[in-house]
Amino acid sequence: MNLLLIILLPLLGALLPPLAIRYGRSASAWTAAAITLAALLFALGPLVAVFGGAPQEVHWTWLPQAGLDIHLRLDGLAALFVLLILGIGLLVILYARYYLAERDPMGRFYGLLLLFMGAMLGVALSNHLLQLLVFWELTSLSSFLLISYWHHRSDARRGARMALAITGAGGLAMLAGFMLLGHIVGSYQISVILNAGDLIRAHPLYAPMLLLVLLGAFTKSAQFPFHFWLPHAMAAPTPVSAYLHSATMVKAGVFLLARLYPALSGTELWFFLVGGVGLATLLFAAYNALFQHDLKGLLAYSTISHLGLITLLFGIGTPLAAVAGVFHIINHATFKASLFMAAGIIDHETGTRDMRLINGMWKYMPHTATLAMVAAAAMAGVPLLNGFLSKEMFFAETLHLSALGAFSWVLPAAATLAGIFAVAYSARFIHDVFFNGEPIDLPKFPPHEPPRHMKVPVEILVALCLLVGILPAITVAPLLAVAAGAVLNGPLPDYSLAIWHGFNTPFIMSLVALAGGIALYTQRHKLFALHDRVFPGVDARALFWEFITWLMDTAHAMTRALENGSLQRYAALLLLTAVAAIAWPFLNSTAPIAGPVPAAPIDALTLLGALVMMAAAVVTTVWQRQRLTAVIALSVVGLVVSLTFVRWSAPDLALTQLSVEVVTIVLLLLALYFLPQRATVDSSNLRRGQDLLLATGVGGGVGLITWAMLTRPYTTIANYFVENSLPGGGGANVVNVILVDFRGFDTLGEITVLAIAAIGIFALLDNLRLEMPATDDGGRPWSSERYPLVLSQLTRFLLPLALLVSVYLFLRGHNAPGGGFIAGLVTAVALILQYMASGIDWTQQRWRLQYHPIIAAGVLIAAATGAGSWLYDRPFLTSAFGHFHLPLAGEFELATAMLFDLGVYLTVVGVVMLILANLGKLTQRSAGEGGT
Amino acid sequence: MLNAAIVFAFACIAAALLLNFWRLLRGPTTPDRILALDTMYINTIALLVLFGIHLDLTAFFEAALLIAMMGFVGTVALCKYLLRGDIIE
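As they're listed, the protein sequences go chains A and B.
If you're matching positions, the first sequence starts at 1 in my numbering and goes up one per residue.
If you're matching positions, the second sequence starts at 1 in my numbering and goes up one per residue.
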């Protein structure tokens, strides 16, 4: 439970700082810090257990059928990350309190920071691949929001988009990789996967799976060639850069390498892919870091380079290299976070990050300068500091590699070269910023020391660099041992954490790097000139944007090609597909279309109805350009359809169809008022011929299928419903029992859709102003009599009558034709009639109900009825019924389905009225404005 | 006897419906067509009631009731449309 709380506290607590900001900036910061501290407190117990050698695990089933459970596991590696995330998180919260300016929305900052913290803890603690991926994407999202924190700046927005695009794409690739991995092992549980290494490595899908998983890891950890998003992410506030983009989030990629190390490593592919990419990143970024003039740019490239180093260490694949990799994760997080914070202080105090302007800071802020210089020395790998220890382990590992054969010298040479550049850019950070003459044209002058508490986090981190560097065996050793043990998933190799291993080759490599780096730095002006000449403006960002532009253009072109806005074309394509799908089996089959069942005899009345319906349908099509006449002809079709339902003993359908007919004609007439009365011919004759052919094909095809279906014997599921309707659902009307009971869930979905549609239509009609015709089709002025007396008087008598009928239809619906849907339509028609005959004002004065709440009440009643069955430990929407006796009335039946039907009734009434009344009101508003 | 009467009534109403439909097709004015539609609704009521008597079922009664009660709403809407254009104002 504690493990879950560690994640949930920051995730849910993210809501609090934005609320606490009302009580001041410090209150917001304290809230964030308190949440982090609480998470740390909950983590303490499990952490102690892990250091005692007992990994903690919790597991809840969620969707076991889909293999989706909540699995959390705290082992050594996760413990390391939990400490990093919460520890550095706490320092960053303190630092940000002083870093953020008065005008920056601090509540939002802390909210997002906590959101990220929870997501990152989720990544560290997940013991399930898909669950890990969800948290992984959540870190990408929160990183996006934090980079674009100053969203008035275009570089922040662009940087955020780029970061999200790259890491998001990597996350998708990783999802595919995880699916493959889950398929190979047969489980998504990480602890199972870790013990299935041999199976995974021998599987034919190993290579594609590895490639996809690594794509995710490399994009997240900004490995070459996906590194370029990280420097642009520096548009984020510096606390974010310190926290997400150096200490924690970018470590998620190498965390994944470490996490899956026992399962995936140990093959040549792993060695060349991970090692190769790591080496390329290490060298490329170390070289580039030297040529950055932006303080944070230098640190960003240095971060990329160090991430490359860690990747390379995991790529090498020996147990000792893995230990060194874990060690460097710890060291890099401490010194780089403190460096970012120092850079932020300098930026804060001088107003710029350009190292060509910032010089001689030693004079103005000696305290900060001392801290930054110690941290930079750790970054360079100077002895007595933590960076030196892990770097020397790295140098040692490059020497013991036989995989490259005759080229074994390449790796140590490259490592030394990278070391030289690391020393050079560290030297630049120290010398260029704190010495090197006087500052030039600073936006803020003179700079001075920051507030006391802004330096506390830097001091703590620098102290850690020193402590680990001088006394590794008593400070970091237990953490390293437990984390590395978890990475290796086996026994630890022998290693000694000492600052002095004798005058050996790694030490010589360190010395060469130190001397070479300083020498390189002294020659920097020549180098800068050379660099500008050789690589003028090679910019991955430009390539990225070019690619994005191309992608967008292609997508737009495809959309335009498929979706050209012509409804005729969509309909034609859809129908053509349908015709092809119908024709294909008919053409490929020798069986006769008509089956063995003989046709029923035709009586004269049915034949007459069919003929009238067909004629009316044809007439509707022919008259479609005279719209009112077409509506009249269409009503005949509707009427005969209703009669057809009666003829074939479907009274429920007939009642529904009749009510729908009335509502439809009102709706059509309401809309017709705003439309031209006659349509012109827009298509060519050829086009119309094609359409005629297509329409005939569709109609003929449907007819053929129906004929083929009805002349064949078939088994039906209807019998089940007929048999179970009364004993199971308590109703004799099968149609209604199906609607409210058997398929109640469908009905619930349908009324919800109805409600959404009605609200959508309401939103569309809101504030709509339309042109209204001043005369009718023939140019005659409208009649001046708005509410004919006879009509309005007579229809008033009809309202109670119609409501009575609708109550009757509703109450008997469960056992005889009727039900909530039909009753709702009848009520709506009766009400609409009042609107038509007596006007909106008259009706609304007497009928003050709003339609939105009616719809809401309907959906809620239906849903609550369904949920009510949970109280009795039954599945959703189980219905109950019973028979009761009432004096005078006699025996009657009550069913929960009736309550559900009431929800349907209210929804239907509300939806129909909301749509029709608001369509009707359109003219009222327009008239009021037009003054007619 | 009753059977023969029902068959005869069916024939009459069917003929009436056909003639209504003919008027609807011919027009010539829109009010003619609206009236034709309204009369079709009325004849349908008769048809449904006859059908109920013929099959000795009450299930069609509600359909006839609904047509009687609401069938003219369409007519009202069409007429109001002719008069004012705006049917809900």
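None of these hints come from the bench; they were simulated from the model.
Incorrect hints may have been included.
[Stated by the list, open to error] Covered stretches of chain B, going by a simulated chain A footprint (3 or more residues, C-beta under 8 Å): (1) 3-17; (2) 56-64.
[Unchecked claim] Footprint (simulated), chain B over chain A, 3 or more residues, beta carbon under 8 Å: (3) 13-19; (4) 131-140; (5) 183-195; (6) 488-501; (7) 654-661.
We put the CB at the ideal spot given by N, CA and C, even for glycine.
Hint check, failures only: When the structure is compared with the hints, numbers 3, 4, 5 and 6 turn out to be violated.
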